[in-house]
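Engineer: Line by line, the protein sequences are chains A and B.
Here the numbering used here is used: the first residue of the first sequence is 1, the next is one more, and so on.
Here the numbering used here is used: the first residue of the second sequence is 1, the next is one more, and so on.
There's no promise every hint is true.
[To be verified] Taking beta-carbon pairs under 8 Å as the criterion, some of the chain B residues facing chain A (in silico): (1) Asp255; (2) Glu270; (3) Leu300; (4) Glu312; (5) Gln347.
[To be verified] Simulated crosslink set (DSS-like; lysine-lysine; CA at most 25 Å straight-line): (6) Lys43/A / Lys269/B; (7) Lys43/A / Lys169/B; (8) Lys337/B / Lys238/A; (9) Lys111/A / Lys94/B; (10) Lys337/B / Lys223/A.
Rather than coming from a laboratory, the hints here were simulated on the basis of the structure.
Glycine included, every Cβ here is placed at the ideal spot set by N, Cα and C.
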Amino acid sequence: MLDRQLLFITGKGGVGKSTVAASLGRAAVAQGKRVLLCEMDAKGALSTLLQTSELSFTPREISPNLSAMTMNTQDALREYVSIFLKTPFVAAIPGLAGIFDFVADAAPGVKEVLVVGKLCYEVRKGNYDIVIVDAESTGHIVAQVAAPTTLRNFVPLGPLNEQTKWMTAILEDSQKTGVVVVTTCQEMAVNEALELVEALQTKTKVSAAAIIVNRVPSEIFTKSQEIVFSQLNQVAVKSFIVKKTGSSIDLSLQASGLARARRNLATHHIATLRSGLAKLDPIKELLLLPDFSYQPPDLLVSKLSSELEAELS
Amino acid sequence: MTTVAELIQRDGLIIVCGSGGVGKTSISAALGVLAATQTNKRVLVLTVDPAKRLANALGLREFGNVEVQITSDLFKTSKTKLRGSLSAGMIDTKASWDDLISRHAPDEATRNSVLQNSLYKNLTERFVHSHDYIAIERLYQAHSSGAYDLIVVDTPPSRNALTILDAPKRMQDFFSSRLLKLLTANSQWQLLALAAKPFYEIADRLLGKGLLRDVAEFFTLFRTMEAGFVERAKKVEALLHDSKTSFVIVTTLEDAPLSEAEFLSAALKERKFSTHLAIANRVIPKELQGGALTEQAHVLNDARQNTEFISELADVLVNTDASSGTSSDIDEANLSKLLTQTLETIQNYALATTQISEMQSTLLDRVAGFADHFAVAPMLESDIADINGLVTLGENLNIV
Chain A
1 MLDRQLLFIT
11 GKGGVGKSTV
21 AASLGRAAVA
31 QGKRVLLCEM
41 DAKGALSTLL
51 QTSELSFTPR
61 EISPNLSAMT
71 MNTQDALREY
81 VSIFLKTPFV
91 AAIPGLAGIF
101 DFVADAAPGV
111 KEVLVVGKLC
121 YEVRKGNYDI
131 VIVDAESTGH
141 IVAQVAAPTT
151 LRNFVPLGPL
161 NEQTKWMTAI
171 LEDSQKTGVV
181 VVTTCQEMAV
191 NEALELVEAL
201 QTKTKVSAAA
211 IIVNRVPSEI
221 FTKSQEIVFS
231 QLNQVAVKSF
241 IVKKTGSSID
251 LSLQASGLAR
261 ARRNLATHHI
271 ATLRSGLAKL
281 DPIKELLLLP
291 DFSYQPPDLL
301 VSKLSSELEA
311 ELS
Chain B
1 MTTVAELIQR
11 DGLIIVCGSG
21 GVGKTSISAA
31 LGVLAATQTN
41 KRVLVLTVDP
51 AKRLANALGL
61 REFGNVEVQI
71 TSDLFKTSKT
81 KLRGSLSAGM
91 IDTKASWDDL
101 ISRHAPDEAT
111 RNSVLQNSLY
121 KNLTERFVHS
131 HDYIAIERLY
141 QAHSSGAYDL
151 IVVDTPPSRN
161 ALTILDAPKR
171 MQDFFSSRLL
181 KLLTANSQWQ
191 LLALAAKPFY
201 EIADRLLGKG
211 LLRDVAEFFT
221 LFRTMEAGFV
231 ERAKKVEALL
241 HDSKTSFVIV
251 TTLEDAPLSE
261 AEFLSAALKE
271 RKFSTHLAIA
281 NRVIPKELQG
291 GALTEQAHVL
301 NDARQNTEFI
311 SELADVLVNT
321 DASSGTSSDI
331 DEANLSKLLT
341 QTLETIQNYA
351 LATTQISEMQ
361 STLLDRVAGF
371 ADHFAVAPML
381 ESDIADINGL
391 VTLGENLNIV
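Bound-form chain A, shown alone (with noise of 0.2 Å):
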């Protein structure tokens, strides 16, 4: 999965995306690589998680060879039009740059090719051996790695096009670009990675490099503790431990119970998960990490990270 230039990472919202970019981010890193993790809203998720300031369009080196940036339209346009256009920037001329993004606004994949211009952009440059994003949620990936081409369909000629161009060939390239879906052990969590995964098949180009599932509770009991444990819930053992202990440990039970049927139901989900899969082309990775839901924040991607490293090798 790292071994590509451009990942998207993306999933329910609510999954833990930020989180498993940001641990991607150190992997990668820590495999001896120049990365770029580029954040695709401003709510600040990464910077939290990476511990930093406030993060900019204009990537920022905040740990050796691990550098993060945020997408901002705006800046987006303005650095295409110059680059790409060799035309002095719109904004110049006051109120254009709103009516530019009214039409940018209205025409379909506009938006989307900017950001994803950026992107390619960073990948072609090879300032970085890979860009990892913290892209927007399942609903929106799509018609994000698409917007090349559904620029290119609707507008038939003109520069435009003629850029979408070497921006579809990295974004379809398998060996360079791929989609990573990250999901929970919930039932919503995973029909909308299956959705997303067909939807990527079906509707674009683009490879889908990882299914990641994130906070899959741990095994509670070996297949003879199970055997054990629902004899230990039988009244008359529970009854002789009361009588030789002096203490009932139904609140034990209970607890452990509660786990157990928590990692019942997310090997459940998994299990559609991996079926669901199964029925659409072979996807090569499902990597599936712990849950640190109640670790520190500030400890959390360096465990996933670690986590991520040891799978990954």
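Dock chain B against chain A, hints included.
Structural biologist: Chain B only, in chain A's frame:
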């Protein structure tokens, strides 16, 4: 701020918001079920994209804009019975937009041109955040139909729950924007060419000739519906600010969703919407909080190291299990070892549960920080798959 019991006694709207994945839809459905079983109200639960099993639990089979009344059949196996009536509906964005256009279009020709315009879907999506606007619009429709006393709506999975509340205002702003007027003015092209010649040239270079014209054409059509849309948006906005509209913020006791909930609460206050209740979901059940569980963990710790106890317990297991013949297959030395390990695992999870519960109680202080009143829903062993699950969840919410 109110309790859940007070909340379901009121007529009006309950808008349930919160970060993704915290269980908004289940909570909304449970509130609806609670209201319909505790009061004699006519209740509607509106949801955007329910999980399949939850939809089934509510008796929803197919996707669409039709509201389905839940028959008392669904409550057959439940101890609790319906006192009022309960309906459920989904919000189908595309169908709702088409409805809206049909309603506001001045004539058949305009209606057809808009619906068939290739930019229609894209433009409505971009400019007015159609998902959000439609959710609110549907809410208004259901409310003004007079068919329901209480409507619980589950907000769409939008990155920021506020876009839904700002949607009516945004719709009004859109129609009054200078840009729209400029684009759709009769003498548009001269005007644009005159005032924005450099822009026009660049836009053509960038986008290709003719695109701008298509866009303008669409908006010219769209503007014929301005009066209808604006009037409606104003009414919808007034409804949101009505004192009968309650906001409920759902969160789990984890850092990220909680930060979002805090942000949401502040933003609601800023917009002068009042948050009536916060709900902390997936909380460690009450009986597992506190000292009793920790004490049991200590008992387990001693017990599993007591070889005499272990060997006696192993005998008990073999004897009680004679009929099913499971652990009797394992020889005694191994059974003792297995027993020790299992007890250790149980001890570990008892302690882990205690730790999680302590962390949750610290985070619950943060909920108390933004909400004067909150309800707590327990972590469940499985997903909600039937009406009984919703009844139980509702009853849990109702415990003060």
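Engineer: All hints, please: hold or fail.
Structural biologist: The hints, checked one at a time:
Proximity of Asp255/B to chain A holds as hinted, the smallest CB-CB distance being about 5 Å (cut-off 8 Å). Checking Glu270/B against chain A: minimum C-beta separation of about 18 Å lies over 8 Å; hint violated. Checking Leu300/B against chain A: minimum C-beta separation of about 6 Å stays under 8 Å; hint holds. With 8 Å as the threshold, the beta carbon of Glu312/B comes within range of chain A, its nearest partner Cβ sitting at about 7 Å, so the hint holds.
Hint on Gln347/B holds. Least Cβ distance to chain A is approximately 7 Å, under the 8 Å limit. Distance check on the hinted pair: Lys43/A and Lys269/B sit about 20 Å apart at the alpha-carbon level, within 25 Å; holds. For the hint pairing Lys43/A with Lys169/B, the CA-to-CA distance comes to about 22 Å; that is within 25 Å, so the pair holds. With a C-alpha separation of about 19 Å, the suggested pairing of Lys337/B with Lys238/A holds against the 25 Å cut-off.
Of the pairs offered as hints, the one joining Lys111/A and Lys94/B holds, with about 22 Å between alpha carbons and a cut-off of 25 Å not exceeded. Proposed proximity of Lys337/B and Lys223/A is supported: the alpha carbons are some 14 Å apart, at most 25 Å.
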